[in-house]
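**Q** Spelled out from the first residue to the last, the chains are:
Number of protein chains: 2
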Amino acid sequence: MKKVTLAHGNGGAENQELISKVFYKAFENEILAKSEDAAIIDNGRLAFTTDSFTVSPIFFNGADIGKLSICGTCNDLAMMGAKPKYLTCSVIIEEGFEVDKLETIVNSMKIELEKNGAKVVSGDTKVVPKGSVDKIFINTTGIGEVQKEGISSNKVSTDDVIIVSRDIGAHGATIFASREGMDMNTDLQSDCASLWPQVEALINENINITALRDATRGGLSAVLNEWAVQSDICIEVNEEAVPVKDEVKGLCELLGFEAMSLANEGTFVLAVKKEDAKKAIEVLSSFENSSNASIIADVTKQYDKKVVLNSPWGTKRFLELPTGELLPRIC
Amino acid sequence: MKKVTLAHGNGGAENQELISKVFYKAFENEILAKSEDAAIIDNGRLAFTTDSFTVSPIFFNGADIGKLSICGTCNDLAMMGAKPKYLTCSVIIEEGFEVDKLETIVNSMKIELEKNGAKVVSGDTKVVPKGSVDKIFINTTGIGEVQKEGISSNKVSTDDVIIVSRDIGAHGATIFASREGMDMNTDLQSDCASLWPQVEALINENINITALRDATRGGLSAVLNEWAVQSDICIEVNEEAVPVKDEVKGLCELLGFEAMSLANEGTFVLAVKKEDAKKAIEVLSSFENSSNASIIADVTKQYDKKVVLNSPWGTKRFLELPTGELLPRIC
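Sequence lines, in order, name chains U and B.
For what it's worth, UniProt numbering labels the leading residue of the first sequence as 1, then goes sequentially.
For what it's worth, UniProt numbering labels the leading residue of the second sequence as 1, then goes sequentially.
FYI, nobody ran anything at the bench for these hints, they're computed from the structure.
Certain hints may be false.
[To be verified] Simulated DEER-style distance windows between Cβ atoms:
1) B:Phe59 - U:Lys25: 15 to 25 Å
2) U:Ala241 - B:Pro197: 51 to 61 Å
3) B:Leu254 - U:Lys34: 47 to 57 Å
4) U:Glu200 - B:Ser157: 43 to 53 Å
Quick caveat, the model's predicted, so the values are computed rather than measured.
No residue lacks a Cβ here, since even glycine has one placed at the ideal position from N, Cα and C.
For reference, chain U alone in the conformation it holds in the complex (with noise of 0.2 Å):
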């Protein structure tokens, strides 16, 4: 590992290296070391996590950089059971970039703070000469209060199983997409949407939640993986129930991509208790972001920290962490 390349960013394999051995090490301690979706504070009543947007194109169907940059953080506290809260806005802008498109992106980061009902309390503003950055980054960075401890995704067992709120793959596919002219003539529409609102109903009707998890980069693949390492678990997907919309296989089949890894922004993975999973299917799918909600997969001891992927044939392969480039400037 001399340079840094596009790989180390892919939310996969190459990206945890990185982060383990450059971040993790140097800023060792308890909070960090537990590779939550936040942090938990303050004796377990604040989740804090930040993301930086530099998402491309900045415009999409279905959202843009300013709604990604409120749905990312508010969703990574929601995972853990908190209600955002606070947030803090930092935009690194090119020199020459139009105020009615910045005026445009906060107008939708407004939006989205509406439905989560946070704030942002604290921002920065910097503007760098032509070239040094890409038409506009953001960074938010949110606060959020604990409504249900204990969330984790160190604690999947056995008694759970593994649900997918929602079809996969329809952020990463409308991005590329976008990027190669192929959006005119398509129904494909970012999944981006925040989750609180359905975290909040699942903890209201008391659902007995183990872990839930957002799967951006790397996609399905790299949060099943995660969990399967971090609760020293196999988990066993049926193929066949993890729901992927036609334009998004068609994507996938005409460009070799594996739906299992593509990007999300409005899609969580949930372990929840086998006796409370239908109850969670029924909240879920009063929602139209999570309409097809479906129970993807269960929790064995059959192969070590792995996760299997059973087809409808009834072969069994691992489906392993993303590696490789994947897209860049996907979030």
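We have chain U; now place chain B onto it with these hints.
**A** Positioned in the frame of chain U, the structure of chain B alone reads:
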């Protein structure tokens, strides 16, 4: 305002215009409206602040972008009387960046975190294709525990005097000299440093602090003008009392800069009650980094929301909020 210009990032007048017309307008709320160095949340218990660092060059006399990224955010917390506690760290790295340089930067962060007694508890790593960002940008966002309540830039009054913690302009002058290749034969060194130790000492000595602000982008001029407006006062500066090192003076004379507008990264301005001024200077003088702390101004009602510079020759002029491009990518 049709396009974002470099002046919109200057820490001065145009920067304030962009922030108020675009960001404050959309994100409107009471906490943001206070325009403090950090937001005070959670019933006054916590301070919360963000900063993105785009400095160029990334290594310079006295510090690097890593040290700067910790000092900048921890100092904004310290300026609200808050002990830095939890930080997030989000890096955006250009493809091809050397891993050993990244390690040097992250190590600088680690060292500076220890000086503040703070931890990085959550992070994000993005890698973008060559040309999408220049080398590396770092966002840090911090939470601090308020140790002394009520410090605010909106409360400076004629009962206060204004102190600057050390000689001004060292960071801005160093970055400029470094960019122009003028940094070889000079003692110029950035003032970049963590300020929590000084603030903690002032609090422990029961100094009656009204307001604190670190004089970053826009320099001393920006801080004094912001305070004059926010607190509806006139600040009358004794120009002769403002410490400026000879190297900085020389560079300013050579290039027509105003030391008062040069950025600092380890220099802060204090408004303290008159009767505590002498003791505050004593406390500051016991630290190497603020050994030349100086009382520089009185607060009056002479001119509404204005800063007046009284020269040693008995002349007076207004010190205006900086305008124009100043030095982009200074922090």
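**Q** It remains to establish, for every hint, whether it holds in the given structure.
**A** Structure-based check of each hint:
no.	hint	in the structure
1	B:Phe59 - U:Lys25: 15 to 25 Å	holds (21 Å)
2	U:Ala241 - B:Pro197: 51 to 61 Å	holds (57 Å)
3	B:Leu254 - U:Lys34: 47 to 57 Å	holds (53 Å)
4	U:Glu200 - B:Ser157: 43 to 53 Å	holds (45 Å)
When each numbered hint is compared with the structure, no violation occurs for any of them.
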